[in-house]
Structures are given as structure tokens and as C-alpha cells.
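Peer 1: The chain contents come next:
Protein chains: 2
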Amino acid sequence: MVSSSESTSHELATRSSYPLHVVDEWWRAANYLTVGQIYLKTNPLLTAVLAPEHIKPRLLGHWGTSPALNLIYAHLNRIIVQREANVLYVAGPGHGGPAMVANAWLDGTYSELFPNVSQDAEGMAELFRQFSFPGGIPSHASPETPGSIHEGGELGYSLVHAYGAALDNPSLTVACVIGDGEAETGTLAASWHLNKFLNPQTDGVVLPILNLNGYKIANPAVLARIPEDELLALFRGYGYSPRIVSGGFDGEDPMAVHDALAAVLEQAFDDIQSIKRRARSGRSVGRPAWPMIILRTPKGWTGPRFVDGVPVEGTWRAHQVPLAEVRENPEHLALLEAWMHSYSPRELFDREGRPTPTLESIRPRGAKRMSAIPASNGGLLLRDLALPPIENRQVDVSARRGATSEATRVLGHWLADVVKANPDNFRIFGPDETASNRLDGVYEVTAKQWQGSFEPTDEHLDPEGKVIEILSENLVQGLLEGYLLSGRHGLMNSYEAFIHVVDSMFNQHAKWLESSAHVPWRRPVASFTYLLSSHVWRQDHNGFSHQDPGFLNHVVSKSAKVVRVYLPSDANSLLVTAEHCLATRDYVNVIVAGKQPAPTFLSLEEARIHGARGIGIWDWAGTERDGEDVHVVLAAAGDVPTLEAMAAVHLLRQNIPGLRVRFVNVVDLMRLQDPLEHPHGMPNNDFDAIFTTSKPVIFAFHGYPALVHQLAYRRTNHDNIHVRGFKEKGTTTTPFDMLMLNDLDRYRLAMDVIRHVPGLGERYAGLAQHFDDERARHRAFAYEHGIDSPDVLGWGWLDARPGETEEPTGDALDTGADAVLGA
Amino acid sequence: MVSSSESTSHELATRSSYPLHVVDEWWRAANYLTVGQIYLKTNPLLTAVLAPEHIKPRLLGHWGTSPALNLIYAHLNRIIVQREANVLYVAGPGHGGPAMVANAWLDGTYSELFPNVSQDAEGMAELFRQFSFPGGIPSHASPETPGSIHEGGELGYSLVHAYGAALDNPSLTVACVIGDGEAETGTLAASWHLNKFLNPQTDGVVLPILNLNGYKIANPAVLARIPEDELLALFRGYGYSPRIVSGGFDGEDPMAVHDALAAVLEQAFDDIQSIKRRARSGRSVGRPAWPMIILRTPKGWTGPRFVDGVPVEGTWRAHQVPLAEVRENPEHLALLEAWMHSYSPRELFDREGRPTPTLESIRPRGAKRMSAIPASNGGLLLRDLALPPIENRQVDVSARRGATSEATRVLGHWLADVVKANPDNFRIFGPDETASNRLDGVYEVTAKQWQGSFEPTDEHLDPEGKVIEILSENLVQGLLEGYLLSGRHGLMNSYEAFIHVVDSMFNQHAKWLESSAHVPWRRPVASFTYLLSSHVWRQDHNGFSHQDPGFLNHVVSKSAKVVRVYLPSDANSLLVTAEHCLATRDYVNVIVAGKQPAPTFLSLEEARIHGARGIGIWDWAGTERDGEDVHVVLAAAGDVPTLEAMAAVHLLRQNIPGLRVRFVNVVDLMRLQDPLEHPHGMPNNDFDAIFTTSKPVIFAFHGYPALVHQLAYRRTNHDNIHVRGFKEKGTTTTPFDMLMLNDLDRYRLAMDVIRHVPGLGERYAGLAQHFDDERARHRAFAYEHGIDSPDVLGWGWLDARPGETEEPTGDALDTGADAVLGA
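Residue numbers (our numbering), protein chains in the order written: chain D, 1 to 823; chain Y, 824 to 1646.
With the rest of the complex left out, here is chain D:
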């Protein structure tokens, strides 16, 4: 953005040569194109008298919100030309698709990106035909919509997307149009407070424009029906400087609205410039009261005022298709024709259907067009993330396996390296849990960005910083989405149980990525990576409500092209996984990792190999012998399940010396799935080689057992897979004994082995009983003392160094040597 004092004479000339009647022309053209999309199959320029055969057989689309979206677009064009501003337009109201498409077509962008929709009569006909039509485009903004980083489907995320895009984009202004419907959603209501985080010096600006058209689908909107003093108080309370523009009601001349809106927009951009100038000059501006605009216009403005004797313009009846029976009802047909002619299309398009020279000459050029601004197609701007060596942060296990570390704390130190190496395009977001999730190593190099007031006791708070924390999973999710879609990198951390708060936002983002892959001009963006900690198995003082591993189930329901799930077993495995995920594009990566002190099993080198394979046999942890069939496969996915499964092997080795147990660890969960279903799916031969085709498999799983069955149900040996995972049990009031209540503990796993390996059950009934008694003893200990018994807490895998495969000792099972029970 160029401040006014720097304006050249050219710009001033442009400014003076952009009269409001030209804005009105643009607006009429966009409105005409919007109506055309909803109604017309042919005859786009109304060169013939409108007849039923020109009309689409099914009328679908949303008129109500469109005229205001068009109005704002037209006015922002003027601002852009006048000020050489970089403006990203986020269209929040639902189903504003036809408006955004209309403006992109007027911009010329649409025809550049979709050559079959040329900027002439033929292209206009195709523009109209394809809208809400089989094989065409939907009635809401979508990845196919030029200039959009925002889907106008599920409502409420526009403002948070706008703030995410503005971060670290100091020359960008994000004009965010918010519908009065979506303003009722939780995420939007909370998003207003994001002005407490934006740094006026290093970030861009968000200009919220709340459009009060009065109605949702079938109801008045809350914010449209409160007195003006409450409305203004609300936005002052949110910390903005609100300005109201109201007009267009009861047939009021639009020029009055143009005058008012232009003045308010100019004032807003002047104020923004002035704040930015002061901030850039190094003078502290504290948290400025950024402008926001309340634009009150009739729903479906310029559409039919009355239809069949009832008011339509300015009511909820204008929400979708104001004239519903155009093919059948001559009166409706005549009303439509009059409506479209009211925009005077002959003044707007030439005979060939091209926008007139006036419209063509006054619009922004190239990347200044809101439909073509690179920030709306972030992959164009994406720079590779510099990834510092994870070697610097590895946990040393060269002395022995099992060195204690807190996995996420180790990761936090590496993330600090990443922040340092990528000072302007990498951010970490969290719902007040970044320190709780033990990623606070990042505060060695950066801070939590904050524009609220400061207290002497504050720590790691700064007006500029690469971590943003606010207690709303929705907000941090939306910020990261906006940040990624505008071409940057990042990571979100959260507690596992409450990540379901963003299930639907995840859905929408995953669907956006899936769809974007089919849009040739959309460039790949950095993946959305979740780090979920404080996970289901370690809820030290939290009850049943905090125990939920179901986000994994939710994630795998989405397109296999997009979703990736990782369950690293230890700190080194987590480092490898995070390094991989942050380098990927167009995925959603979910990593679940513990924060509590836990053994580190793999050297970094081993973790790299294991991570590349995604699944593998850990020779050193099992009791296999070369050339002999195993009796059982013990598999684990997740850090706590891995620990318990390894402890189970230990118990079995002590007590059934000849038992040949294969130990399998899964870090990339999607390896379990059929390769026809997921690109990471392991070929059946490989799967069979690891899991055998006939031996019992005891699977210790981080999540709900059904998920393993869902992923592996087509595998040869599936009927032999017995999964221990999390069960929904409301009696689990506190969690020390959760492993036991859920039967995912070393004793139960060992008992499962005895139960399922043919021949063991009877022979080792006494041992199984002993294990059950041990469980009861450990549980009783915890109930009495409030901590786990030292046997359980103190267990570690101390046997082998990395690289050494320990030779199992003892006789083979079939030699008949009986087990020695007890310790």
C-alpha cells in the first residue's frame, strides 16, 4: 500500500478519473451477470425477447447476498486503482458464488483461467449455463472460484481466514465481507477479538465489512435487529472503530449509497494508512482501533420488490431464487426480463458481449485484481520451508535404548530452530496449550504475539512473535488455514480430546484440498499439520470427558489423497515425523505424540528408516529366530501402546522362554489400509509378510479398536487380528488406572497372547491367572497410593543397544520347558 503522501500524479489522476457512476456501472454489470447465472441457459445478452426456453429447467442459486457482495467489489476496485492497494477479498456470506464468479469474469481473470468461458457472448452463455448445473460449479464460492481462499459453504470462518491471511503480510489489506447470518456462529463471534493479535507493523490489515441485509434463510438476523446504539457499542467493545453505511431501502437511489460507501471506504483506507505509517515509523501505536464498516442494505437489493403480491426485496424471500416459476408463469418471466433490463445491459456489454471499454479500462490490472491476487492462490507465493537438521535435537540412545525424554519437549526445541530459520513464513498456533503440550522450547527464540495490554509478570508475550494462542480451537485452526492458503507454513497444537471442536473445519479444509487438486491453476500449498498431545492415555487429573482418540476416525473418512496419520513411538520418531510433515504439500497431517517422560526406543537413524517405511518389525524387541515361524505377532501403534506392548514381550520372555514373538510397530497408520484405498497402503504381500497369514496378531492401538479393523478388514490375516485400544467407559473417573480399565496394559496383552496362541491357553492358564492377579495388585496399589506401583513406573527397556539384535534366550516353546512364574 502506498501512503497518500507518496502518491504520484498518475495515481491522483486515476483517483479523480474514477467517478462513482463507473462504480455503479460495474455494480450493475456484476448484478446482471449474477442474475444471468441463476436463470439463463441461453440468450445471455437478452438479444431476443426472453422466452421460457431461455430459462434453466431447475432454478438454483442465491440472489439475496449477491448485490451487496457486488457493490463492495465494485467499490474496492476503485480503492485499489486509486491507491495501488493490494486487497484480498474474503466473501463470507453463504452462497455468494455467482457474485464472486461474475466479478472474476468482469476482471478478465475467469476467462484467463477457464478459456472455455471467454469474455464474450459465447463465454457469458457458458458462464450462465455452468452455474449450479450438473458438471458445472456450485452456488457457493469454492476452490474453483478465482480470488477465493474461502468456501462460502459452512458459515463462520471468513473473518478468521482473513486474519490468518493478513499475518506476516504487511502490504496486504484483507477486505472481509461478513454476512449477518454467519455473524451468529460461534467462530465468527469470537473472531472479532483477533484484532488483539495483529501487529500493525509486521502484519497486514483486516477490514471487516459486516453486511446487514436483515435475513438469513428464513429468519431475521440478530445483529440486524438490535438498536444502533447496541450495534455500535458492540463493535467498539470488540475494539474497532465502526462506521455505518445504510441505504437502498424502499427504492432509494443507489447513487446515495455509492456516495456514502465511497466516503466511508476512503476514510477507512486513510485511517489504515495512517495507522500503518505511524507503526512503520517505529512509533508505538499500541493496539489501534482498526476501522470496520457496517453496511446495511436490503437483501436482494435491485431484485423484484414484490412477487405474487408479497414483498421480496428486503426480506428473507430474496434469499435464493426470487422468481421461482419463470418457465411456467408469464408474469414471472416478464418480471425477470424487466429486472435484467433494469441494469441496462446494453450500456455494460458491447454487441459481442464484452464489457464496455469503460468497465475494461477502469478495473485493476494483473495481480492487483482481487480475482487474481497471488495471496488467494497461495501456492504461487510458497517458498520451501528451511528445515534445520533434526540431528541437533535428537535424543541420544547410543548408550542404551530407553533413555527418558518428553517427546513434545524435544520437538519444541527443533521447532525453535524452524522458527529461527524461517522468520517470516512459519507460525505455530495453539489454544493456550503450547506450553502445556511442552513445546515451550520455541520461546527461546520467539514469543507469543499479543497486542493486549502488558503486565510486569508476563512472560514470552510480545507485540511480535511467531506463536499465537487464543483459547479457541476454531480460531487457531482458521488462522492456520488462512496462513497456509495464502502461501505460508505452520503447525497447530492441541489436546487430543478437544480437537473434535474443529472436526467440521478440518472437513472443510480437507475437502478444499481435495477439490483444489482438480483445479489446474491452483498451486499446491503447505500441508496443515496437527500435533495432538495430552492424549487419551495420559489424562492425569482429567475425567472421561478428556479421553477421546476419535479424531483419527474422523480424519480417515476424508479423501485418501489428502489425509495422513502418524503415531510416532518416541521422541526421535516424532522428530522424523514432524520433519517429514512440514515439508509436504496439500495434505492434512495428524501427529499424535505424548508429552510425558517416556522411553526413547529408536536412534534417530533407526527412526528415519522406520519413518520412511511407516511400519516395521523391531527385531530387537521381539523374540523371533531366523528361519523359524513366529508364534504370535504383537503390534503397536502409538507411544503408550508401544511401551505396554514391549513390556508385554518382556513378561512373556521371562515366563515363556521359547515363545517366538514378532514385534511390529506402526508409525504411519495408513500403511494398514488396502493400497487401493490409500496411497500409503501397504501391498498385500508385504502386509502378509509382516503380519503373517495365519498367526494371531495382538494389536495394541492408541485409538478405538474399530479403526484398525476398518483399515485392515481386507487383509488376509484380518480374522486373526485382536485389537486392544480405547473403550468408552464412563466409570473411568480418573485416569491412573485407565490403561487397565481399557485393557491396553502389558498384563492384558500378555494374557491375550496366551489366549490366542494355539496350545498356550491351557498350558499357561496359571501364568495367565498370575498376570491377572498382577493387574489387580497394580490397580489396588494405585487406588491406595495414588501413584502407579514402582514395578510399572520403573520398567524400562534396557536390554540392547541400537544396532544390536538381542538373541532371545531360553528354550524353544516346543521343547516343553515350563515357564517360571513370578519374579
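Hints listed in this document are in silico derivations from the structure and should not be mistaken for laboratory results. It is possible that some hints are incorrect.
[Said to hold, decoys possible] Listed below are the simulated EDC-like cross-link pairs for lysine to aspartate or glutamate, each with C-alpha atoms no more than 20 angstroms apart in a straight line: (1) Y:Lys864 - D:Glu784; (2) D:Lys561 - D:Asp586; (3) Y:Lys1550 - D:Asp674; (4) D:Lys695 - D:Asp629; (5) D:Lys727 - Y:Asp1497; (6) Y:Lys864 - D:Asp788; (7) Y:Lys1518 - Y:Asp1542; (8) D:Lys695 - D:Asp619; (9) Y:Lys1552 - D:Asp586; (10) Y:Lys864 - D:Asp540.
The structure presented is a predicted model; accordingly, all values stated were derived computationally and were not measured.
Model the placement of chain Y on the given structure of chain D, informed by the hints.
Peer 2: Same frame as chain D, now just chain Y:
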């Protein structure tokens, strides 16, 4: 509530005899009990000098929020006694568990409900021991907490629960304490606007008390760091009359805060009384500016001010356990002892550990105690819902099967009957979609409740009405939860795709119900019933973002004791399902039903039988013959899949006359699951009898195919089940052709039959090709004309009357008669 003019001399006496030093005593007692829960294993009354062995081995819990929760409880007790008010206390801040438990113990309620936690020294010791202890209670409010309808786990739902409980409860005041952390969440930020719905005459009152203690886990809270003018403007903007009480900082005497808070609370209750009195007198009060209180106190007030040289009280360091090393560090131990003694326990408890006579005598009695108010254990108040006969609203199919109806529209008319029959304890909630989901028949008998301003064009809006609509799935979910948990009935309707917005709220409610079943004194409440419409298969102008059937997957991950899923095939089946669901207790019922015109297959009588079984063979729809094995089972779950599967049978019957197809319809999805997993699970023998043990099963499913496999993977014939359902395909830009893109269409199902029935594949290769060509033709038709071809649209099941089983015609397959291709 008794208005002051009606006060008796007894009440005035009570008021004057409730001095603030008694409030302070209660507060100190509750604080003492809170600290005790966090730290002490034994020595509850500090009768011995505090020693490490008295301290729990692991210190878990949250002190920070507790003193303010206790303060408010103590003051509300005074209000209740003074005014004989009915107050429900909703504790929003996270992990306020020990405070709520402490007050319930002081009330006597805790010992009544949990006799092992008696109101004496022994009981106090148990109260302390069990907290955040294995086998004990969690550190947040939970179903085990007397007086709570709200879990202090996942944050943000307190205020919406409060509003839900207040609806239709005109004598209730819900005091809702909101933490400044949870205030940052989306749901809470949106909840403030619920004052636009509460009717001052027919509903109760919500008194929000926002506690600004300044910090979340590790960060300052946004609302605590904005200037006071913004804070007040914000709440005036939300439509409240805010009052601030601030104090307790830097060692300020609590009595000053007691004075101020008592005055503000009295004023608030006076204002509430005055508004209610005016409303009851019939004078219009419009939308009153209800009082709300902002209470600014230090986090962890009265706790240690400095520990190890750094400030704790009033900072985020007071969030959990302010003194972390009490067993190891004598200085910490001494600080704890001094801290606990600062409350002067000898003034609060007698030698036996009982609250002193002062504390005992001044507290509210019986059901007036906030820990015992019946609204917090809604099952106590629950009256059976009067269910008018669905017969009155059935679709008549006596002439022939297939009569066209819009299922949800039919339901809407019956819901009107339900509203009429239950004028004060049944409500319908929706996110602006009740009319869109075609339930607007209810507006024949009621309206949408609304306290905003009115316009002449408004329809079905009224200050009193049984439907509440606001564009936030979170708010409507939370309102219904609050309404149900306080003892009433209701239904929520929503679009299927966006119901994921409330995934996490559903989780929490399902977990609440699961846990409540283990709490003997919790009485069953009415089930939470979702009606999901505008479902995945009919998204006429909406794109990929609107297509998501995954809520079913999410729901089945929760406890089988709680969740029920129904996919009625038509309008009559929907009536039967809804009637059943509304009569149930303690479940979450999910019903998915279409709103578009569709055939009605079952008579009401048949639908009743089918609904009772949950799954069944439709003889009349298949081509089985008595005594002969079927060749294939064609199963369907969901309305669109049922229609397509029946059309597939029709195609097959026309073309392969001897083919014996069994037609199975599933309305209760959980019938598919193993009976060991779900109480509705069908016994294996029955399942085998329906699905055979060896024949191919082609399953047309409403949702993601993996869900059927997940539920049925243990069934004998599972390997032969081939599911067609929804696939994530981003190219599905518009939906007319969605069935075809997703391969859930009649032709594909018929082709599947040919492919999987042994012997058919080669013999009917030509027919399969013909079906494939037909698919292509129909798709091309839709792409060209924008509507489905008349063959597809016009198909109907017109063959048989209910009760008649049509005899299949044509030769048996094995007679060798060739099919006649084409029409």
C-alpha cells in the same frame, strides 16, 4: 422468586440475619476444602502439624479458578435465603471441580448422595483423598458433581447450557459463572446473544457472572486485558446491563469485595425481580437489558502470593497447583500449612469436622440448595412426553406403494401435534433450517421465539414460541442439552453435512450420559434426538463442501449404551422412528431423513413392524421364492439408497427374470453390529438368516462404505458384503449426478449383482454393458438439460399394494431363459 413487596417479616428477618461475615466464613470454609482436596491425603483438619506423609504423592488439580467460584457460591447462598430464590449454578471455568464439590459438602448434599463421604472428619478425609485420585473423581465438574448440569472439561458451553435450562422455567434463575478463558471460545462468544430469545414472562432468567481472573493456563485472557470502556461497551452491545466488581488485588481485605459483590448481586436480583414483575403483569417489557456482572479478582486469590521468589497469586502460575513440591520441599510444606491455616479452620469446623452451627444454620435448605436443586438432576422433574397418534399424519399407501411425500414435511405436521400436546416441556431447535428442512408444519401451532425487534413482513415470529432458531449449530445443540438436562424434551434439526460443527459437543453430551448411568442418584433424562436432513444425496445446488455423511461414523464411536442411529426409508418409517426416539431416555438418537418428494414404500402398520425389528426382508420388493435359495441379497439403508436399490431390483427383474433377489432394508443401523458390541446388535443366527452365510450381498448405504464394514466385520458372510456408499470426490462440483459419480445408482447396483453372482458375469456381460451405457446416457442427459432424465425421475414402485406379496414372474434363472435387454 418472591418479589420484595411480597416479602414476609420472616424473610426480612432472614435477610438482616445474614451478615457478610457469615458469607466470608462460608467462603473460607469452601476455600479450605478446595485446598484440602488438592493436597491432603490425611490429617484433614490439620490436627497434627503438617508433614510430608499427609500429602498426596501426586499433586493434581486446579486452584486458580476455585476461590472465585466459592465466593460466588457463598454470596448466592445469601441471596437464596434472603429471597427464597431458585438458583441453578452453572460453573463454566475449567476444572472448578474441587470448588463445586466443596460447596456441595458444606451444603450437606454430598454426604446425602455419597454416604461414604460423611459430613465429619472422616468424610472430609475421604473428600480430600478421592479428588483427582485413581478410582475417585476428576478435577473438573462432571456428572458425579451434585448440582451440575455442566461438565467443566471442554470449555465454552456454560452460558448456552444456562439459557437452555432457563427456557420454560419461569421461576428459575440460572447463575452462570463464565471464565475469561472459556469466554474466548466461539460458542461462548456467540452465546451472549441468546438474550434475544429469552421470554421474560414465560422463561427463567440467566445471570451471567464473568470472572476476570486474568489468565488462562499460560496466557493472559483477552477480556481481562482490554480497557474498561471497551469491556462495558461490549456487554452493552450484547444487550446487557453490565456491573463491575473488582477487588482482592495486592492483599486487599476480602470484606471490601464482599460489600461490593453483595450490593451488586442484590441490585441485580432486584432488577431481575422488577423486570419479571412487569412482564408477569402483562405489560410489554420488550427485550429487557438483563443484568450481568463482571467480577475481577486475582487468579488463585487467597493462595500463596509468592513461591520460590516469583509471584503466584494473581498470575497464570496459580492455575493448577501453586505449591508443587510440598512433599520434598519443607519451605513449600510450610507455605501450604500457613495457607490452610489462613482460613482459620477451627472457626469453620468443629472437632468432629462438621461445619460449625453458623455455617450449617444459614445455608439454604433442601431443594433450595444449589447442589440439590432438581433442575440440576432433570430426570427428577421429567414428565413423559404426550405423543399424539402418528396415525393422524401417516401417508396413505393403501391404493398402492410409492405414494409421493416429503418425509420431513410429514414429520413436521406430527411435530405440530407434539408441540400442541406438550405446551411447556417440548421444544424444537434449529440453525435457521427448520423451514428449509420442511418442518414448518409446526408453525401452524407455534412460532419461533424472538425478542428482537419486529418488522411487518415477519412471519412465524413471536415473543413466545416453541421453536428457537439461530445460525449456530453450537448454540442450538447447547440449548437443547440444557433443556434436556433440566428435565424437558426436544429435538434438534440440522443439515447433515454441517452437523460436524457439534461433533465435540455431541461427544461431551454422550460421555455425560454414559457417565451419568453410573451415578445412582442421577435420574434418566430425555434423549437428545437429531433430525438430519438436506442430506448428502440431495445437495441440489451445493458443492462438495455440503456432502458429508460422516456424523454417523462419529456417533458410533461413542458408548453403545448411549448411541442409536436410524435411517428411515420413507415418511411413514420416519414417523415411527421419531415417535420411538422421543419416548426414549438417556440416548443420543440420530435420524437421517430426506426432505425431497420421494416414494412412500411402507404403510404405517408395516413401518411399525419394520421399525420394531430395525431390519427386515421386504418380500414384496425382492424376487425370492419360497423354498428356494436366493442368488443375491440387495440391502439398503437410507431413503435414497432404498429407492435406488429397489429400482435396481426392477431392472434385474425385467432383464434376468429367474434371478432370485432378496431385498433387505435397514432402518436401525446398529442392528448390523455384533450383539456383544451394541445392545441393538442382531444375533449372529438372525443375521445369517437374513444375509445368508455365502451369497453375495450388495449393500446400498447412505454413508461412507467403511462404516458398514466396521459394524459388520465379525459377521459370517462379511467377506461377501460389497458396499456402495458415499465417496470423497472433489470433482463432484454439482450434485445432480452425485449418485452416479458415487456409484450408488440403480444401474451400478444392478451391475454389481451381475458381477458378484456366480455365473452371471459372463452370461450377462451384454446386459452389464447396457446398464453402463444407460448410466452414461442418463448422465449426459443431466449434463445437457440440467435435470435428470424422465426415465430416472419418473420411476416409481407401482407394482403391489401393501400386504400383497407380488409373485415374481418369469422363468427361474437356471432354466436358461435369456434376458430381454432394453425397454
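Peer 1: To test your reading of the hints: which numbers does this structure violate?
Peer 2: none
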